[in-house]
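Undergrad: Build out the structure end to end from the sequences listed, making use of the hints.
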Amino acid sequence: MMKKNAFCLLALNFMLVLLISACASTQTPELSPEEQAARLRAAQSKTYTLNKDILLRAIVANFQDLGFVVAEVDYDSGLVVALQDTYTARQSFGDFTGKTGVMKINVVASHNNNKTFLVRANAERDIFTPNLNFVANFAINDIKVYQDFFTSLDKAIFIETNLGVKK
Amino acid sequence: MTNKISQVLFLTCAAFIFLACSTRQNLAPMSEEEKTKQRVAQSKSYGASKNTILRSSIAALQDLNFVIDSVDKKLGFVSATRFLSTSTDDATNDAVNLNILVSPETNKENLVRISANFNPTRPTFDKEGGFYTVEDMQAYQNFFLALDKAIFFETEGL
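Sequence order for the protein chains is C and B.
Counted the way this note's numbering counts, the first sequence spans residues 1 to 167.
Counted the way this note's numbering counts, the second sequence spans residues 1 to 158.
There may be inaccurate statements among the hints.
[Said to hold, decoys possible] In silico BS3-like pairs for lysine-lysine, Cα to Cα no more than 30 Å straight-line:
hint, chain 1, residue 1, chain 2, residue 2
1, B, K50, C, K99
2, C, K52, B, K37
3, C, K104, B, K108
4, B, K149, B, K44
5, B, K149, C, K104
6, B, K35, C, K155
7, B, K73, C, K115
8, B, K50, C, K52
9, C, K144, B, K73
10, C, K144, C, K99
11, C, K144, C, K115
12, C, K155, B, K37
13, C, K46, B, K149
14, B, K73, B, K108
15, B, K149, C, K155
16, C, K144, B, K37
17, C, K99, C, K52
[Stated by the list, open to error] Covered by chain B, per the in silico footprint, the following chain C stretches (three or more residues, Cβ under 8 Å):
hint, segment
18, 66-76
19, 84-92
20, 104-118
Honestly, the hints are just simulated from the structure, not real lab data.
Cβ coordinates follow ideal geometry from the N, Cα and C atoms, glycine included.
TA: Printed below as a string of structure tokens:
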């Protein structure tokens with residue numbers, strides 16, 4: 001009788017442990033606003049060891065490849081501003097292809113030290129009414145957008161530095 | 001009978017909702033081959049200096065009735081817009097935006113890369129309302145013809 005009770009207790013204990021472990025959340029703990037901002041900032045930035053001319057030309061060429069309109073370029077501040085209508089675009093960053101609105105990207109290439117440049121990209125989405133009146137703009141916090149941007153920029157840099165286009 | 005009518009109504013409503021909820025089918029993304037072809041069509045090498053090409057590009061754009069939006073001499077970048085309406089009565093305000101990038105190549109050659117976007121500013125923001133990249137290669141060839149002439153005039157001092 002005593003043995004049976006102990007066995008039941010052990011089985012109950014085992015089941016409880018199983019239940020608790022099954023109910024335990026597998027989600028990662030939510031990041032604090034500061035951590036989220038730091039994560040976004042890291043995704044928006046990349047360091048390149050390149051000549052400034054090649055880097056800026058690659059940024060512009062990358063936007064030309066993807067059908068962006070390059071609205072502004074300033075060599076001294078290392079700023080490039082480009083726009084894309086994501087609704088008509090054949091390829092955009094992240095999962096924005098086919099979505100209504102205009103994606104606006106600001107890229108700044110700033111000196112880190114003698115030979116390295118920090119490229120920081122910020123994207124926003126502008127929404128318009130059917131009459132093309134501006135409604136609102138939202139900062140794009142989707143990390144995938146910035147990952148895609150830097151992947152295509154890497155390709156453009158490769159073309160710029162290796163396929164005959166050199167300073 | 002009532003059942004049949006309600007069935008037809010239900011199906012019509014379902015089809016309407018389905019169509020209303022559907023998004024634009026994405027255009028096929030450009031393959032690497034297409035991108036390369038486009039890049040080649042948009043590029044041309046010239047044996048002139050960067051400054052000469054920049055001045056000639058601006059002159060060619062002016063010849064073609066473009067308005068120069070911005071120029072960055074250090075990088076070799078020009079942005080220009082041409083409004084296609086011919087009169088002030090024209091309600092449409094379609095425009096073409098052109099970006100030109102001059103990159104130094106090896107030796108004394110400079111590569112000119114142009115890209116154009118058509119901006120049909122129509123009253124509705126439908127599938128034709130937004131701006132999109134000009135993929136007609138002939139358009140780029142036509143611009144290079146104008147640039148060839150402008151470079152000739154510039155180098156000959158005409």
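Undergrad: Take the C-alpha atoms of K50 of chain B and K99 of chain C, compute the straight-line distance between them, and say whether it is at most 30 Å.
TA: violated (39 Å)
Undergrad: Does the structure keep K155 of chain C and K37 of chain B at a Cα separation of 30 Å or less?
TA: Cα-Cα ~16 Å, so holds.
Undergrad: Does K73 of chain B pair with K108 of chain B here, judged by a C-alpha cut-off of 30 Å?
TA: holds (18 Å)
Undergrad: Between K104 of chain C and K108 of chain B, is the straight-line Cα distance small enough, at 30 Å or below?
TA: Violated, at roughly 35 Å.
Undergrad: Can the restraint linking K52 of chain C and K37 of chain B be considered satisfied, given a maximum Cα separation of 30 Å?
TA: Satisfied, since the Cα-Cα distance of roughly 27 Å is no more than 30 Å.
Undergrad: Check the hint pairing K99 of chain C with K52 of chain C against an upper bound of 30 Å on the C-alpha distance.
TA: Violated - the C-alpha atoms of K52 of chain C and K99 of chain C are around 34 Å apart, more than 30 Å.
Undergrad: For the pair supplied as a hint, K149 of chain B and K44 of chain B, is the alpha-carbon distance within the 30 Å limit?
TA: Measuring from Cα to Cα gives roughly 14 Å; hence the hint holds.
Undergrad: Given the proposed pairing of K144 of chain C with K37 of chain B, does the C-alpha separation stay at or below 30 Å?
TA: Given pair K144 of chain C, K37 of chain B holds - Cα atoms ~27 Å apart, limit 30 Å.
Undergrad: Against chain B, does the segment 84-92 of chain C show at least 3 residues with beta-carbon separation below 8 Å?
TA: Since three or more residues must qualify, the claim that chain B covers the segment 84-92 of chain C holds, with 6 doing so at under 8 Å.
Undergrad: Would the hint linking K144 of chain C and K73 of chain B be met if the CA-CA limit is 30 Å?
TA: violated (34 Å)
Undergrad: Is it true that the CA of K35 of chain B sits at most 30 Å from the CA of K155 of chain C?
TA: Within the cut-off at roughly 12 Å; holds.
Undergrad: For the segment 66-76 of chain C, does the count of residues with a C-beta closer than 8 Å to a C-beta of chain B reach 3?
TA: holds (count 9)
In this structure, the earlier hints numbered 1, 3, 5, 9, 13, 15, 17, 20 are contradicted, and the remaining ones agree with it.
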